[in-house]
Amino acid sequence: MADDARQSRRQFLKGTGSIAAAAAIAGCSGGDGGSTPTEGGGGGSTPMEDGDGESDDMTAEPTETTSDSTAESGGDAPMYRLVTATMDNFDPIASTSADASAIIEQVFDPLIDTINAELPAEPVLAEDYEITNDGKTYTFQLKEGVQFHNGDELTAQDVEYSWRRLSDSPNTRRSGYFLNSLGIDYETDDNGEYVDGSVAVEAVDDYTFEMTLSRPYAWAAEILGYKSFSVIPEGIVGDLEGYEGEMSQDEFATENPVGAGPFEFDHWESGTEVEVHTFEDYHGETASIGGVHWQVITDSNAAYNYSMNQNADAISMPTSQFDSSKVSIEEEDDLGRQIGTYGPLRNDETADYLVVPDLSTYFIGFNTDNVEKPARQATAHVITQAGLNENVYKGLHIPAFHVTPEPIYPGGVEAAEQHARDNYPYGYNEPQIDAARQVMEDAGYGENNRYSFSIYTTDNSTQQQMLGRIRDKLATAHIDLNIEVSPFSTWWAQQKEGDYDAMLFSWGMGWSDPANILALNYPPNADSSVEDTMVGTNWSDTEAAQQAMEAYETYQNNARATEEAAQVREEAVNTMEEAIWEDVPMTTLIYFTSRRYTYDWVDVPKYGTVGGQQYNQVEIDADAQPD
134 MADDARQSRR
144 QFLKGTGSIA
154 AAAAIAGCSG
164 GDGGSTPTEG
174 GGGGSTPMED
184 GDGESDDMTA
194 EPTETTSDST
204 AESGGDAPMY
214 RLVTATMDNF
224 DPIASTSADA
234 SAIIEQVFDP
244 LIDTINAELP
254 AEPVLAEDYE
264 ITNDGKTYTF
274 QLKEGVQFHN
284 GDELTAQDVE
294 YSWRRLSDSP
304 NTRRSGYFLN
314 SLGIDYETDD
324 NGEYVDGSVA
334 VEAVDDYTFE
344 MTLSRPYAWA
354 AEILGYKSFS
364 VIPEGIVGDL
374 EGYEGEMSQD
384 EFATENPVGA
394 GPFEFDHWES
404 GTEVEVHTFE
414 DYHGETASIG
424 GVHWQVITDS
434 NAAYNYSMNQ
444 NADAISMPTS
454 QFDSSKVSIE
464 EEDDLGRQIG
474 TYGPLRNDET
484 ADYLVVPDLS
494 TYFIGFNTDN
504 VEKPARQATA
514 HVITQAGLNE
524 NVYKGLHIPA
534 FHVTPEPIYP
544 GGVEAAEQHA
554 RDNYPYGYNE
564 PQIDAARQVM
574 EDAGYGENNR
584 YSFSIYTTDN
594 STQQQMLGRI
604 RDKLATAHID
614 LNIEVSPFST
624 WWAQQKEGDY
634 DAMLFSWGMG
644 WSDPANILAL
654 NYPPNADSSV
664 EDTMVGTNWS
674 DTEAAQQAME
684 AYETYQNNAR
694 ATEEAAQVRE
704 EAVNTMEEAI
714 WEDVPMTTLI
724 YFTSRRYTYD
734 WVDVPKYGTV
744 GGQQYNQVEI
754 DADAQPD
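If you want the numbering used here, it's the 1-based position in the sequence shown plus 133.
Some hints here could point you the wrong way.
Unchecked claim - Beta-carbon label-pair distances, calculated as ranges:
| id | residue 1 | residue 2 | range |
| --- | --- | --- | --- |
| 1 | Gly577 | Glu547 | 37 to 43 Å |
| 2 | Pro759 | Glu465 | 27 to 33 Å |
| 3 | Gly545 | Pro759 | 39 to 45 Å |
Simulated from the structure, these hints should not be mistaken for lab results. No residue lacks a Cβ here, since even glycine has one placed at the ideal position from N, Cα and C.
Please construct the entire structure, taking both the sequences and the accompanying hints into account.
This is how it looks when you write it as structure tokens:
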């Protein structure tokens, strides 16, 4: 494949997901006060810490909030009260915080979105849209009479301005979603660099908007639901050539954000609280609550105490406080979501409980140049995914056998589980110590000729407990595993340079295209000598690697939203997953889940795995909600 094509695929990879030291998320049982789905995360907000520590004050007195439980402009309508770990700014093209995204999406609307994070994407500001036969040009018919919070009426010119800000504003930090992931058509200069102002978007008339992609892409509608594509009034910010602006970008981002969402900005005190109020002239379903209030609390145990004192309507639950014996599951739906109750809590209340599979996979990545294939296979043999989940993670997550998360595996959760049960070669939920020992002995190793390699992780007790279990099992298979603990900055530098034998990784996906994570195993992307490599496994030059490369390219070349293309992609995913099993450039551990715990005076719709959730459908029993 040509170098420019490989570079294009690397750019695509950079926009599709996010990598992290697993310490950042592996030990947390809840994110913000509601564990709502967020942009790029597919079902859980950024955790505040790993939750291993105990609270310093488990009997704290109720905490005073600076906001009354009813909205000033909403009469007797109660506020939905939550906790967030952070808030950076309100500008949809400038904010990069997952926690902030859960707040931003209350104020702004895109053209189309995944309602309650459930597929398929549906029109929001658009009335309808059409796609040309070649799958490249999208024509949107906008709703008429939609008002922004400042009273302006929505037009197609507002959409064009908003999307040009996304690609051209000096303040944008999300242009990669537009130029690379979505694949909007644009012009390049002699060096192949993007030419400002050249994105193929156009206001055809006041209520017709058109965009053209460089390639057909079946997941375009999901990407357009990202809050980066939210629509704001034309010219309101003076950071785009040709517009003086009504306000500076800083004022818009921190003091006066104007959108067309179900809630309008009220106030934000950095590090303290954020509040939005119901927009009575909303074009969709007007909220019955007065608004939403977030208390900013960075420490997970402090957030837990705050919610135990019933200052929040949803409960922040650190892993250290989770007790599986208090879970009662009443239903599991076809999306793999579990619905039930949790309790009694420390305050004797019982919470409504929702578990949602995230689009994220936790795995060990191997530098195949440094760790021999028999040792990688032996590691896969000794790992019991279900055992690790139960014994280390309190059963909070889902055993993982594929790189592709189950909710988006071709054919769905049942198809993924059946494929793993029938084909996983290293023991489906059972340790294969004898097989691990045999593969090492077949490679010439034994008690007098032991093999050794190192695995690098950050300073996280949960991870070290898990790796200790794997180390003990590998010891019986003639392998000495060294666990190397380092600060995150060191871990990150080693990962970027490919300077490791093995590492713990997690990869969170922004939308439901399996290529988001399978791209990590496309051999040209695995070269650690290339700048910006995500997981430098250096997997290449084997029959299985060649199969994976061909399957990935077949997948990418069949990106149309047709049944025929979907069938080709399904076969390609199975081929890639089986090639990964054969050579083990990575071995999977668990799929993460997010959980929401809400008090029984709150009724919040379930959410899915893709996108975020707006709160205009939340209902609160004001008589039961504590003051």
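Do the hints match the structure? See the list:
Separation of Gly577 from Glu547 is about 42 Å and conforms to the stated range, judged on CB atoms against 37 to 43 Å. Pro759 and Glu465 have their C-beta atoms about 31 Å apart, which keeps the hinted 27 to 33 Å range intact. Distance hint check for Gly545 and Pro759: the Cβ-Cβ separation is about 41 Å, which falls inside the suggested range of 39 to 45 Å.
In this structure, none of the earlier numbered hints is contradicted; all agree with it.
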